[in-house]
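One letter stands for each residue in the lines below.
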Amino acid sequence: MRDVAVVGFAQRQMEEFDGSPTCVELLVPLFEECYEQTGWTRKDVGFWCSGSSDYLAGRSFSFVQAVDAIGVIPPVNESHVEMDLAWALYEAWLKIQTGEVDTALVYAFGKSSAGVLRRTLALQLEPYTMTPLWPDTVSLAGLQARVGLDAGAWDERAMAEVVNRSLTAAEKNEYAVRKGGSSVEELLARPLYADPLRKHDCAPVTDGAAAIVLAAGDKAREVCDRPAWISGLAHYVDPMSMGTRDLTRSPSAERAAAAAGTAGVEVAELHAPFSHQELILRRELGLGDDVAINPSGGALSGNPMFSAGGIRIGEAAKKIWSGEAGRTLGHATSGPALQQNLVCVLDAEQKGA
Amino acid sequence: MAKQPAAVVGIGQTHHRAKREDVSMAGLCREAIDRALLDAGMTLDDIDAIVVGKAPDLFEGVMMPELFLAESLGAAGKPLLRVHTAGSVGGSTAIVASSLVQAGVHKRVLTVAYEKQSESNAMWALSVPVPFNMPVHAGAGGYFAPHVRSYIRRSGAPTHIGAIVAAKDRNNALRNPYAHLHNEGTTVESVLASQMLWDPIRYDETCPSSDGACALVIVDEDTAKASPNPAWIHGTVMRSEATSAAERDQVNPQASRDAAAALWKQAGITSPIDEIDAAEIYVPFSWFEPMWLESLGFADANGGGWRLTESGGTAMDGKIPVNCSGGVLSSNPIGASGMLRFGEAALQVRGAAGEHQVDGARKALGHAYGGGSQFFAMWVVGADKPTN
Chain A
1 MRDVAVVGFA QRQMEEFDGS PTCVELLVPL FEECYEQTGW TRKDVGFWCS
51 GSSDYLAGRS FSFVQAVDAI GVIPPVNESH VEMDLAWALY EAWLKIQTGE
101 VDTALVYAFG KSSAGVLRRT LALQLEPYTM TPLWPDTVSL AGLQARVGLD
151 AGAWDERAMA EVVNRSLTAA EKNEYAVRKG GSSVEELLAR PLYADPLRKH
201 DCAPVTDGAA AIVLAAGDKA REVCDRPAWI SGLAHYVDPM SMGTRDLTRS
251 PSAERAAAAA GTAGVEVAEL HAPFSHQELI LRRELGLGDD VAINPSGGAL
301 SGNPMFSAGG IRIGEAAKKI WSGEAGRTLG HATSGPALQQ NLVCVLDAEQ
351 KGA
Chain B
1 MAKQPAAVVG IGQTHHRAKR EDVSMAGLCR EAIDRALLDA GMTLDDIDAI
51 VVGKAPDLFE GVMMPELFLA ESLGAAGKPL LRVHTAGSVG GSTAIVASSL
101 VQAGVHKRVL TVAYEKQSES NAMWALSVPV PFNMPVHAGA GGYFAPHVRS
151 YIRRSGAPTH IGAIVAAKDR NNALRNPYAH LHNEGTTVES VLASQMLWDP
201 IRYDETCPSS DGACALVIVD EDTAKASPNP AWIHGTVMRS EATSAAERDQ
251 VNPQASRDAA AALWKQAGIT SPIDEIDAAE IYVPFSWFEP MWLESLGFAD
301 ANGGGWRLTE SGGTAMDGKI PVNCSGGVLS SNPIGASGML RFGEAALQVR
351 GAAGEHQVDG ARKALGHAYG GGSQFFAMWV VGADKPTN
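Order-wise, the sequence lines are chains A and B. Numbering-wise (the UniProt record's numbering), the first sequence opens with residue 1 and increments by one. Numbering-wise (the UniProt record's numbering), the second sequence opens with residue 1 and increments by one.
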């Protein structure tokens, strides 16, 4: 395996983007930031890969115009996944591993506010028996939270602690769309939204976009004093069927963590759009109490669809760049109730080929 | 680090039809997957990872359908990727699957691409009005007809060239049991007598709208040793260019020319027409055969394409047989169409193309394009392990 590092990261998160349903206007300044961080122009980028969803944009081929944001004459080596940024990063990492290219810029975008997100996401479900019932994302997460409460896997207090820590941490994140800590008691006194979830247990509907730059070996060292070397990268998927899986667990997350190797992680950025999902993930990823979770505030402070998972990797990389940590972790999820999961472990030390 | 060798050892496709009402989306994919696994002598247990490709989700009305399909595709507990690069997606998906092996990450990868177009109306799913965007009314045919007119004007092509392509591909399809259209007795005259849809494109010069899927099993060098006839991957390429750049040449796009140049270089090919024995080129409207022949370098860019087509050079017994399977003109499940091209190219070099086999084919091209002629995916496969 080649040593590949995260060497650039830019993001935007907002409650409501005042622009096109695709958010592609956001990409140009994001690319500009990536060029500033690396000193590159677009001709230094060997491979491009994006993540987005046609259903979120309400049209076919929504990613096509994003290519225009690259400014593509001459043409580029480019691909697209109908997945979160984290999986676009995975495809780019693969491309670098083949030896075909040494550098990549991956990006993602989505305007969740263009529709009713929880209802749009109901179209992700099994179309023959589930979607006709329109079970929305928040309700499904509520069912998952209830299963865990009833089974004693967690309690409401633990959920409120996750929220309080996240919203307190978010005060230092300029991109957070929901922030401001409180107390567990005060949070628990707030009204229920989708029993047993309160509003603050659910990630806010967020618009946004993000971009990440990858580079191999010397290319990484040239542009970054402390590259965040990818020492583990793995993803797995579970069956969707809500009736046949144990909703208090996420086998795909556990498997991804085992494959990526999470020992010694100091900081973990977890993509948990609902408070109880962080509790599941901490268990599946084997993260002890000594691991700092979501110093950015995590998805509960901002969850732009299709970039929020990748943003976790970007936030984890920043901790390596700044010297605050030697080993960090970024996690991304997709599908209802933590169906699909990716774990990316980043190291300050290069493993060496 | 160099790429690890990779080869196709299993190919499966569905019987493509206008409406496959006998199967669900999962059933459609499994029909192709099961045939590919049987061909490879494997079961789903042998597979390390799965890569799914399809065109816009609006075609079936399910957002990211690979999530609900995960279990039936055998992906549960495994890595699952979903690629979407417009019409080129079937090709791009095969390339992403190849890269999993070429990167040394996995040894046995299953990839499947599908479209079940009967779940909606593809033409109108492509024509959703988008604020502040040029409308694409009346689907792809209306979009591409001006490009064809421009090609005819630039190249001085006689107006019956498109009909030659259509008649050839429809007759080739008669030798392919999986093809959607089996239109007996199609001739240049009958094509020219068919209804004009988008001048100069006539009804018989357009692809059908199909339900269908294609699956490939792509493996590493060690695993390929067990196969009697692996199709080795000699080169893969993807190139994209912007939609709305004023300087774009939409008839012979730079992304296409750049992709071809990079592909031939990777595969060590200096004269495509002499070294490629069979080509499966993405031709959704008949005229795209001569257009792509020129862009890919099989013929000169001053009308060499239509001259090659007119001379019979692209027929089954021609210098460069093109779309012996019947091509996109005979089956078009959009998301799968690119992978069908890639898979049919692999069938040729494996000597497994049945009645549409080109005798002694050793190297073949698989080609796909999408968007407004702006996304390109191609590969060269060979009967021999690459030496480069």
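Keep in mind that the hints are not guaranteed to be accurate.
Stated by the list, open to error - FRET-style restraints, in silico, Cβ to Cβ:
| id | chain 1 | residue 1 | chain 2 | residue 2 | range |
| --- | --- | --- | --- | --- | --- |
| 1 | B | G185 | A | G71 | 48 to 58 angstroms |
| 2 | A | D218 | B | S194 | 26 to 36 angstroms |
| 3 | A | G99 | B | K225 | 14 to 24 angstroms |
Because the hints were derived from the structure by calculation, they are not lab data. Every residue gets a Cβ at the ideal spot worked out from N, C-alpha and C, and that includes glycine.
Next on the checklist: Please list, smallest to largest, the hint numbers that this structure does not respect.
Outcome noted: 2
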